[in-house]
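J.: Below are the chains, spelled out letter by letter.
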Amino acid sequence: MMVLTPTSLPELYDALALSGARALAGGTDLLVRLRTEARRGENEPTTLVRLDGVPELRGISITAEGAVRLGACSTHAELLDDVAVRENLAPLGQALAELGSPAIRNMGTLGGNLCTASPAGDCLPPLTVLEAQVEIGGPAGLRRMPLAEFITGPGCTRLEPGEAVLAVEAALSDDFAVRHFEKVGRRGALAIAVVSLAALLKLDGRGRVAVARLAWGSVGPAVWRCPEAEAALLGVRPTLPALKRVAAIVRKRVSPIDDVRASAEYRREVAGNLLLRLAAL
Amino acid sequence: MIPSGPHIPQPRADALAKALGAERYALDTAPADCLWAGAYRPGAVPGPSFGVAHGRVRSVDVSAALAVPGVVRVLTAVDVPGTNRQGIVHKDQPVLCDVVRHAGDPVALVLAESASALRLGLAALRADIEPLPAVFDPELALKKNAPLLHPQHKGGNLLLRAVIAKGDARSALKSAPVVVRGAFSTPVQEHAFLEPQCGWAQMLPGGLHMTVSTQSPFRDRFEIGHALGLNPFSIRIVAPYLGGGFGGKDGSTVQCLLGLAALNSDGRPVRMAWDREESILAGYKRHAVRLRYALGAERDGTLVALSCRLVFDTGAYAHLGGEVMELSMEHAGGPYRIPHVRVEGRCVYTNNPVAGAFRGFGVAQVSPAFEGLMDELAAALGMDPLALRRKNALGPGDVNTSGVAVTSSSHLPECLDLAAAHPLWTGRDEWRKAAPPFTLRGVGLAAVFNGMGYGRGLADMAIAKLEMTETGGFLVYNAVADMGQGNASAFALLAAQELNQEQAAIGLVQPDTERCHPSGSSSAGRTTYTFGNALVRACAAMRRKLLARAAMALLVDDLDALELIPGAVRHKATGKALPLAVMARFLTRDDRVCVAEALMPVAQNPPATGKDFVIGFPHLLFAYAAHLARVEVDELTGRVRVCDYAAITDGGRVLNRQGFDQQAQGGAAQGIGYALFEDFRLSAGVIKTRDLSTYLIPTALDLPDIESLAAEGFEETGPHGLKGVGEVGMNGPAPAIAAALSDALGVRLRDLPFTPERVLAAVKSGRNKSGRNKGGKRA
Amino acid sequence: MKLSFHLNGTPVALDTAPDRRALDVLREDLRALPGHGHTARGAGEADEGRAALDVKEGCGTGECGVCSILVDGEHKLACLMLAAQLEGRRVTTAAGLGAPGRPHAVQRAFAEMGAVQCGFCTPGMEIAAAALLARNPAPTRAEARRALSGNLCRCTGYVKIVDAVLAAAAMLRAERAAPCETYESGEACESGEAGAGEGGK
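Residue numbers (numbering that gives the first Met the number 0), protein chains in the order written: chain A, 0 to 280; chain B, 0 to 778; chain C, 0 to 200.
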């Protein structure tokens, strides 16, 4: 395979337009996938296009509107090191802290996590409750869409040929009293999530839920929302009995699958149970 | 806080080189101009034969593979000279198969100029395999019309059936006042050593030369010779330090395939390295076992009778299946006095991956069963579980469940006493009550043991060669591969002590069948014990010889007047010293070498049972341990966290505390993996947990600081009083954690591993049971 | 491509395919370069050239950590990097943490504290430890475990590895506190940084 290292957006788009070109960010997903494909005798890409040389894809900043802008080629470690991410995008910081391992965090990128679009992607539930916007660039210009629209299924995104994710922007969440993320893996590191939950709750002056945003990972083809659960939380104090009632709604609505890591039944049970954790916060 | 444990001034002899990244493992020494060899396993790759666990190879289309630039040869079964059969005891495993008996069986061998050519060549192979009916359940495999894996084998799919009996268990159980019963199951376990199977080989004018990651260099020659029709004594095997073995590199892994490759490479060196997926696919495994138990006792807790039936899934080939079952059955009753015992075992062929040797060798499987029932018995009697064990624990003068007298150093009672006094045990009630929200806490105890050595039926022997070098230092010719257990370093330490020399004066030669003497495999907790004993004798002979030679030069007529000091022989009265460096120059090479052997003692007057076993029954020497586990269960997810763990081990005398602790901690870690994390998934012979992302071994965030304590004794037959402790630590965690989970949940889990899913189900059913308040906030 | 980078403090330059795994560049391709001779052990072994054989392969998929290296001081995995990504970088392997004849504190601590059994995970663990200590000179046991969480060990149960990391941290703090008293005059003082001239993040 050829390896190209564009250093500007125009160069990047030209490279991505080449037939058989694939984008390479951290490589922690792509190179594993290419290895599997090679072992099966499948054809490899003609060209790998490195994203880490394009300055527009790096960096963390605050936009004029007050959102946090995360360059797509930011590594997980860079994001974790950033105060704005840790304090303002708390569920994302919590997810990043448990993602992979230290070396994987030094190599893997936010954009990579998005474009891999795994149902178990650790960043995805937090970015969903943060109502993240994905900025895509291509020869035809820029476009933006909510993360929920960007990912359409396992491994599937709205990226057109020749395009790349440039950045993710997420709203500040400091007026949400409850900012929570929990990942259930089969061990404490290097673990693919079996179920995960990101939750943002805004409480009124009397401790009742005014805004609820919940997003689950690993229980569906993409990040899963449950509007009925969110609605059931409104106007209610997030006590254990209340959360138990909402958990029952979640278990009725969710439809996870069996796989080598967990059964559907376990995922269903735990998807509801994870809500109860909010009572102890 | 830096722990205050003993900080030995002299680290392990191998530690610094490994820490500097300077130690060279088998693959590191492969020459640059090697051909690359790889096995084609059609059951493993996408295609028409994917997942075929039993089939007849009609043909292999090699044309596309041979057309790949860089592919040099493609070999199939017809190209294998000799018998095309390998195996440690039973020669039932082809090097290249005409009949595939498990999904990882190799059908062809590709030789190529580069790794990428090899990969392309393997991907281009096509095998036409006619599927045969397959069987994946050992009990189904015993039924009358089950597909046969080895039609020539007289017992059908039954590799071995055996009984160990003492007294009359059936009647004793009938009349026992209290009987507890249970059915248990243990899964396949993967060794998951960090260094996969690998090596390189070359046909030289003198014969086949191979450097390979192996626990059994001397025996490998015979396996290769028998399989490929070569004279075993023309095969030289060099065994550098292994990057882990744990039993999975005992017996031919890459060796026969490498030998075949070297025979077909026109004298060029050939290398083979299994990647992780191939290691999981084709490597040997721990036997999955089903256990049905009944344990009877008096009302005061005195054990009266044990009856159990065990079924071992040995997979497609025998490997060491019968031997694993033998050791398992010897341990099936636990380290207790039980007058009436009946253990029946069946070891069965199936079309599953091949099961063989793995640390804890059958004992890891029975430990959760006998300990699980001891806990249930304690509960039924209203007795403290530790007290019940203490009451029945084997000690010197007792007879074990196989009818063998305990004549060696044996300190299980002391282990239990240390456990009883340990804060993890004494503080368990308070600790349990202080559980945080959504958490249930429990504390568990297990008493375990593990026999050492090969047992009866074959000589458990080692031969130590010791040389004084031309410069007056010493070389120990280590003949038992060091897979990380530190035996090589222990030998250097022993030699230094025996010869009264500085540690720096002792060098080591790692196993090389041309330079060292046959000493059996690195396994069975025997390496330090047996070779150590031989080395002590060789050192004694060397010492006597050096004093005698020096006496001539020093004009001394009484050898007792002389002593060996660092670097010299010294006349005690006058202080006159003859440097060893000087002596070395006037001794011939032959005279600078001492060779001595040692044989592990075996049980005299073995009991009149276990007659079905050709080798193994019974063992004589055992290590004992008591383990304590403190666990937390998350009620919302079923995840189990081992918060604290202590291993209290009786290994006789502790020669090197650091090495002793290393084994205890490492064994416990592997046992915790076995109990909680390592969920080997197999479906119709196809491995679902194909790599390290799905087969999960514990990371540094999954284990506590495992504490290692010693209940020190003195084993008279062992070098400096030691016993082998390499295996016993593996057996404690599953029963200790099962006990802790039962303590936390009020439910007994009998199927390993205790996955979050199983534990969550137990959390729910425990909640539905009695309302006894276990403390902690319940959701 | 013509690839040039720094390996353990000295420059290397070679011709290789840009999509070659960094692990293969380090273990295989560098054999062709004339060696320094201070890493090879024993007699009768194939010439290693500049190959970094302390970098191991355990899984090829980023799951085990034995291929750990420092790239510009950051802990990365050579099995998931391409040759092109090494261009111009400063690469440190475990063997390059100390100076010839003077082991790094991490290496001494691993050897002395019993953190080495089979030793196959050891180079990768030392890289993880060095990366941690460059950022955090006084880690807790929990922080050490977290830094090591991507490096699997099957032999030790990690306890003595954590002991070694903390012991190395103490050694490095002591050296920094009184550097010139520790070594004979004229010798360079060992800094807490990973490898000659390597900086932490």
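If you are wondering where the hints come from, they were derived from the structure by calculation, not from laboratory data. All values reported here derive from a predicted model rather than from experimental measurement. Check before you lean on any hint, since a few could be wrong.
Here are the computed lysine-lysine pairs in the DSSO-like style, where the Cα-Cα straight-line distance is at most 27 Å [what the hints assert, rightly or not]: (1) B/90 <-> B/173; (2) A/251 <-> B/768; (3) B/153 <-> B/173; (4) B/571 <-> B/544; (5) B/768 <-> B/687; (6) A/243 <-> B/571; (7) B/143 <-> B/544; (8) A/243 <-> B/432; (9) B/544 <-> B/763; (10) B/432 <-> B/763; (11) B/173 <-> B/432; (12) A/243 <-> B/90; (13) B/763 <-> A/251; (14) B/142 <-> B/610.
Far from chain C, by Cβ distances over 10 Å, these chain B residues were calculated [stated by the list, open to error]: (15) 21; (16) 62; (17) 176; (18) 468; (19) 485.
Backbone N, C-alpha and C fix where the C-beta goes; we use that ideal spot for every residue, glycine too.
J.: Indicate, hint by hint, whether the structure satisfies it.
T.: Verification of the supplied hints:
1. B/90 <-> B/173: At roughly 43 Å apart (the allowed maximum being 27 Å), residue 173 of chain B and residue 90 of chain B break the hint.
2. A/251 <-> B/768: 25 Å, holds
3. B/153 <-> B/173: 36 Å, violated
4. B/571 <-> B/544: 17 Å, holds
5. B/768 <-> B/687: Measuring from Cα to Cα gives roughly 35 Å; hence the hint is violated.
6. A/243 <-> B/571: 85 Å, violated
7. B/143 <-> B/544: With a Cα-Cα distance of about 66 Å, the restraint between residue 143 of chain B and residue 544 of chain B is violated, given a limit of 27 Å.
8. A/243 <-> B/432: 24 Å, holds
9. B/544 <-> B/763: 72 Å, violated
10. B/432 <-> B/763: Cα-Cα ~19 Å, so holds.
11. B/173 <-> B/432: Not OK: residue 173 of chain B and residue 432 of chain B at ~40 Å, beyond 27 Å, violated.
12. A/243 <-> B/90: 60 Å, violated
13. B/763 <-> A/251: 18 Å, holds
14. B/142 <-> B/610: 24 Å, holds
15. 21: 5 Å, violated
16. 62: 28 Å, holds
17. 176: 42 Å, holds
18. 468: 14 Å, holds
19. 485: Non-interface label fails for residue 485 of chain B: nearest chain C Cβ at 7 Å, not farther than 10 Å.
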